[in-house]
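Given the sequences, and given the hints that come with them, work out the whole structure.
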Amino acid sequence: MKKALLSWATFAFFTLLLMSCGGDDPTPTPQQTPEEKAIEALTGTGSLTWTVAGGGSVTRSGSTVTDLYSSFELKLNSGSTKTYTTINNNDLYDGSGNWVFAGSNFDKFTLTGSQPAAGREISFTRTGDNLRLEFNIPAPGGRLNGTQVVAGSYVFNLIKK
1 MKKALLSWAT FAFFTLLLMS CGGDDPTPTP QQTPEEKAIE ALTGTGSLTW TVAGGGSVTR
61 SGSTVTDLYS SFELKLNSGS TKTYTTINNN DLYDGSGNWV FAGSNFDKFT LTGSQPAAGR
121 EISFTRTGDN LRLEFNIPAP GGRLNGTQVV AGSYVFNLIK K
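For the sequence shown, the working numbering gives the first residue as 1, with consecutive numbering after it.
The hints are simulated quantities; they were obtained by calculation from the structure and are not laboratory data. Every residue gets a Cβ at the ideal spot worked out from N, C-alpha and C, and that includes glycine. Treat the hints with care, as some may be off.
[As the list claims (entries may be wrong)] Computed Cβ-Cβ distance ranges for the label pairs, DEER-style:
{"no.": "1", "residue 1": "P28", "residue 2": "P138", "range": "42 to 52 Å"}
{"no.": "2", "residue 1": "T29", "residue 2": "T66", "range": "34 to 44 Å"}
{"no.": "3", "residue 1": "S47", "residue 2": "S71", "range": "13 to 23 Å"}
{"no.": "4", "residue 1": "N105", "residue 2": "D129", "range": "15 to 25 Å"}
{"no.": "5", "residue 1": "S61", "residue 2": "P26", "range": "44 to 54 Å"}
{"no.": "6", "residue 1": "L68", "residue 2": "T27", "range": "46 to 56 Å"}
{"no.": "7", "residue 1": "V155", "residue 2": "N105", "range": "11 to 21 Å"}
{"no.": "8", "residue 1": "G119", "residue 2": "I87", "range": "16 to 26 Å"}
[Unchecked claim] Mimicking DSS-like on lysine-lysine, the simulated pairs with C-alpha atoms at most 27 Å apart in a straight line are:
{"no.": "9", "residue 1": "K37", "residue 2": "K108"}
{"no.": "10", "residue 1": "K161", "residue 2": "K108"}
{"no.": "11", "residue 1": "K160", "residue 2": "K82"}
So this is what it looks like as structure tokens:
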């Protein structure tokens, strides 16, 4: 009887010892909110520059206008004050300003500024290293300096720089 009790006690001791040796569970990665996912799509981990050069394209109301924006760049920054800068924007966008999400779906944003694209809801879709921007500039506000007409539905297909 003593031998059986000793065997059982030894078995229980080693079982408890093995169970206590399992490492701690890894800290779970917190799930991103829809807003955090959208910010990362636009800015990566801090900022991303998107360009037409290298395979992008631009259309206005179905007509190709890529030649007008062939060296266009849009840099989006995250942070508490989301900022943007543009290069070679052909007076469609401001040179810099802030951006915010439009609505609660986090699939559209607006830019601050005074140029025609400012204040417009810009829909975006990111697929890999490509960013598609779509927005509309209505006819009444679609002139620059009273001469150049920029009204229309725009689609910018941009490439990550």
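Consistency of the hints with the structure:
1. P28 to P138: 42 to 52 Å: The hinted range 42 to 52 Å holds for P28 and P138, with Cβ atoms some 48 Å apart.
2. T29 to T66: 34 to 44 Å: 40 Å, holds
3. S47 to S71: 13 to 23 Å: With Cβ atoms ~19 Å apart, the hint holds.
4. N105 to D129: 15 to 25 Å: Cβ of N105 to Cβ of D129: about 23 Å, so the range 15 to 25 Å holds.
5. S61 to P26: 44 to 54 Å: Because 52 Å falls inside the window, the suggested range holds.
6. L68 to T27: 46 to 56 Å: 50 Å, holds
7. V155 to N105: 11 to 21 Å: 19 Å Cβ-Cβ, so the 11 to 21 Å window holds.
8. G119 to I87: 16 to 26 Å: 21 Å, holds
9. K37 to K108: 13 Å, holds
10. K161 to K108: 21 Å, holds
11. K160 to K82: 18 Å, holds
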